[in-house]
Amino acid sequence: MLALITNDDGIDSPGLAALTRGALAAGFEVVVAAPHVDSTGVGASVYAVAEERRVKVHERPLPGLDVPAFSVEGHPAFIVHSAFEGWLDRLPDVVLSGINIGANVGGSVIHSGTVGAALTAAMHGRSALATSLDCGLAVAAEANWETVLAVLPESLALLAGRPAGSVLSLNVPDRPAAEIGPLREAALAAVGAVQVRIAHTSGVDGAPATLQATIESPDEPSEPGTDVALLAAGHPTITQLRSVSAVPGLL
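Here the sequence shown stands for residues 636 to 886, where the numbers follow the numbering used here.
A few of these clues could be false.
What the hints assert, rightly or not - Beta-carbon label-pair distances, calculated as ranges:
1. Leu659 / Val692: 18 to 26 Å
2. Gly884 / Gly742: 40 to 48 Å
3. Leu886 / Leu726: 34 to 42 Å
4. Val672 / Leu700: 55 to 63 Å
5. Leu659 / Arg689: 38 to 46 Å
6. His759 / Pro703: 16 to 24 Å
7. Val684 / Thr836: 42 to 50 Å
Unchecked claim - Derived EDC-like pairs: lysine to aspartate or glutamate, alpha-carbon spacing no greater than 20 Å straight-line:
8. Lys691 / Glu664
9. Lys691 / Glu720
10. Lys691 / Glu708
11. Lys691 / Asp728
12. Lys691 / Asp673
I should point out that these hints are in silico values taken from the structure, not numbers from a laboratory.
Glycine included, every Cβ here is placed at the ideal spot set by N, Cα and C.
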């Protein structure tokens, strides 16, 4: 099977290289295509840097990995959409997204480019796995990428057992593999592990007004059984996500 591997942290992210190693170890053929710059928080945006409607694609080999790899001047969902709309000679069988720098949990997953790429695969009828490491936004040199790979085979088996077009989101504590608990299915917390607060400053003397964003922990603890709570307790969590669908009964 051919796995398309992408992310939202950019082609140079150590998590992207780690996920590629994990996919190869799982027996996949692999093609890597990731944004040319960090595209964190873009959700399922299909924005791309276009000149005369042409998006630049650069060959970008990954050190130590003998796989085709490309740096694309577009967001992760755009990359996935392009892969199923004629860019690649062969359609991917599955999309693996990540390993994201930081957890993707709670209702905040709607903002994640890592998750957005996986949901875009589902729109094309292909299953996808979004993977994230709860290492915070500032990646330490000793971040435990290999712990995600230890949980990856079980997660891929769960994905393979679901209908085509399924999307799973895997979050893993940033701990050595020997120090984590068993994989747990988790409900989405109401928000996420962090919240973005906005402070407005009015413009003075002709200067523009500003919106300053800060990241803070939620005011209330997460409910037991949610992804935030289980992850904090040392469990890797997995959650099945549903792509956009209509809800009947409005009129």
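Checklist line | Supplied distance hint 16 to 24 Å, evaluated on CB atoms of histidine 759 and proline 703 | finding: Holds, at about 20 Å.
Next item on the list: Sort out whether aspartate 728 lies within 20 Å of lysine 691, counting only the CA atoms.
Entry: violated, 24 Å
Item checked: lysine 691 paired with glutamate 664 [C-alpha distance capped at 20 Å] -> violated, 24 Å
Note to self: Hinted pair, alpha-carbon criterion (20 Å max): lysine 691, aspartate 673. Please report holds or violated.
What the structure shows: holds, 16 Å
Next item on the list: For the range 34 to 42 Å, tell me whether the beta carbons of leucine 886 and leucine 726 fit it or not.
Entry: Given a distance of about 38 Å, which is inside 34 to 42 Å, the answer is holds.
Next item on the list: Evaluate the given range 55 to 63 Å for the C-beta pair formed by valine 672 and leucine 700.
Entry: violated, 20 Å
Check: In this structure, is the beta-carbon distance linking glycine 884 and glycine 742 contained in 40 to 48 Å?
Finding: violated, 23 Å
Note to self: Given the hint of 18 to 26 Å, is the C-beta distance from leucine 659 to valine 692 inside that range or not?
What the structure shows: Once the Cβ atoms are compared, 22 Å apart, the range 18 to 26 Å for valine 692 and leucine 659 holds.
Check: Taking the CB of valine 684 and the CB of threonine 836, does the distance hold inside 42 to 50 Å?
Finding: Because 30 Å falls outside the window, the suggested range is violated.
Item checked: Pair hint lysine 691 and glutamate 708, alpha-carbon separation not exceeding 20 Å -> holds, 6 Å
Check: Holds or violated: are the alpha carbons of lysine 691 and glutamate 720 at most 20 Å from each other?
Finding: Judged against 20 Å, a Cα distance of about 16 Å means the pair holds.
Note to self: Quick check on a hinted range of 38 to 46 Å for leucine 659 and arginine 689, using CB atoms only.
What the structure shows: violated, 31 Å
When the structure is compared with the earlier hints, violations turn up for hints 2, 4, 5, 7, 8, 11 and for no others.
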